[in-house]
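Asks: Going down the list, the sequences are from chains V and C.
If you count by the numbering used here, then the first sequence holds residues 1 to 97, one letter each, in order.
If you count by the numbering used here, then the second sequence holds residues 1 to 97, one letter each, in order.
These aren't lab readings, by the way, just hints derived from the structure by calculation.
Since we're looking at a predicted model, the values are computed, not measured.
Treat each hint with caution, since some may be false.
Identical chains blur together in the list; that is why a pair holds if it fits in one copy or across any two.
What the hints assert, rightly or not - In silico SDA-like links for lysine to any residue, alpha-carbon gap of 20 Å or less: (1) 26 / 65; (2) 13 / 38; (3) 81 / 43; (4) 25 / 64; (5) 13 / 74; (6) 13 / 50; (7) 26 / 50; (8) 81 / 31; (9) 25 / 65; (10) 25 / 63; (11) 13 / 87; (12) 25 / 58; (13) 26 / 49; (14) 81 / 10; (15) 39 / 16; (16) 81 / 68; (17) 81 / 20; (18) 25 / 74; (19) 81 / 69; (20) 13 / 80; (21) 81 / 11.
2 protein chains.
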Amino acid sequence: TQQLLSGRAPRTKPFRVTNADCSVKKGIMADTLHDLMNKASESLSVPCVGALVLGEDGTDVDTEEFFQTLPENTVLVLLEKGQQWSQHPDSLSRDQL
Amino acid sequence: TQQLLSGRAPRTKPFRVTNADCSVKKGIMADTLHDLMNKASESLSVPCVGALVLGEDGTDVDTEEFFQTLPENTVLVLLEKGQQWSQHPDSLSRDQL
Numbered sequence: 001t002q003q004l005l006s007g008r009a010p011r012t013k014p015f016r017v018t019n020a021d022c023s024v025k026k027g028i029m030a031d032t033l034h035d036l037m038n039k040a041s042e043s044l045s046v047p048c049v050g051a052l053v054l055g056e057d058g059t060d061v062d063t064e065e066f067f068q069t070l071p072e073n074t075v076l077v078l079l080e081k082g083q084q085w086s087q088h089p090d091s092l093s094r095d096q097l
Numbered sequence: 001t002q003q004l005l006s007g008r009a010p011r012t013k014p015f016r017v018t019n020a021d022c023s024v025k026k027g028i029m030a031d032t033l034h035d036l037m038n039k040a041s042e043s044l045s046v047p048c049v050g051a052l053v054l055g056e057d058g059t060d061v062d063t064e065e066f067f068q069t070l071p072e073n074t075v076l077v078l079l080e081k082g083q084q085w086s087q088h089p090d091s092l093s094r095d096q097l
């Protein structure tokens with residue numbers, strides 16, 4: 001019950017992860033940030049991961065605690081080492097809807 | 001129940017904290033202003049913190065009471081000593097959508 005109330009306990013949830021140029025987007029189930037990083041790295045063929053950021057505004061998701069607050073189907077961008085997040089035209093147009 | 005009703009008791013919430021030029025934005029969990037200042041200072045490599053202000057309009061968040069009223073995922077800007085807040089073009093364009 002405690003875990004249900006806090007809503008922050010690790011739980012397997014679906015996420016949508018793209019690469020930096022949004023050419024590939026994968027639906028991935030994960031229960032921890034570490035788990036998602038591993039699966040996304042393999043699924044998107046990004047062997048050298050730099051960061052995982054929110055597609056919405058580029059917020060760096062680098063702690064397990066913050067990761068656990070993300071709702072199901074959050075869109076995340078997996079950046080290779082050295083890559084920078086930039087607002088993708090597609091996500092801008094979605095904001096404008 | 002008291003805490004749920006008042007909604008102002010310290011509770012760990014997610015925040016999104018950027019540096020002054022918005023080159024880095026981190027998702028950070030914190031329960032108090034003091035806690036967030038410490039974590040953001042370390043995470044964003046800002047050793048000498050001047051102020052923590054709202055990304056929305058530059059309001060200085062300098063009391064624990066006011067901090068506790070902020071909703072989850074509020075965007076905050078961590079300024080180094082001597083830095084001034086200025087509206088970032090990115091947040092402007094998002095506001096205008």
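Asks: Against this structure, judge whether each hint is valid.
Replies: Status of each hint after checking the structure:
1. 26 / 65: between (23 Å within a copy, 12 Å between copies)
2. 13 / 38: Intra 15 Å, inter 26 Å, cutoff 20 Å: intra-copy only.
3. 81 / 43: both (17 Å within a copy, 18 Å between copies)
4. 25 / 64: This pair counts as between: shortest inter-copy Cα distance 16 Å, intra-copy 22 Å.
5. 13 / 74: Classified as both: same-chain Cα gap 10 Å, cross-chain 18 Å, threshold 20 Å.
6. 13 / 50: Neither: 22 Å inside a copy, 25 Å across copies.
7. 26 / 50: both (18 Å within a copy, 14 Å between copies)
8. 81 / 31: neither (23 Å within a copy, 31 Å between copies)
9. 25 / 65: Classified as between; 16 Å across copies, 24 Å inside a copy.
10. 25 / 63: So residue 25 and residue 63 pass the 20 Å test across copies only (13 Å; inside, 22 Å).
11. 13 / 87: For residue 13 and residue 87, the Cα distance exceeds 20 Å both inside one copy (25 Å) and across copies (25 Å).
12. 25 / 58: Result: close both inside a copy and across copies, 16 Å intra and 7 Å inter.
13. 26 / 49: both (16 Å within a copy, 17 Å between copies)
14. 81 / 10: Neither: 27 Å inside a chain and 36 Å across chains, both beyond 20 Å.
15. 39 / 16: within (12 Å within a copy, 25 Å between copies)
16. 81 / 68: The answer is neither: 23 Å in one copy and 32 Å across copies each exceed 20 Å.
17. 81 / 20: within (11 Å within a copy, 23 Å between copies)
18. 25 / 74: both (12 Å within a copy, 17 Å between copies)
19. 81 / 69: Neither: 25 Å inside a chain and 31 Å across chains, both beyond 20 Å.
20. 13 / 80: neither (23 Å within a copy, 28 Å between copies)
21. 81 / 11: neither (28 Å within a copy, 34 Å between copies)
Hints 6, 8, 11, 14, 16, 19, 20 and 21 from the list above are not met by this structure, while the remaining hints are.
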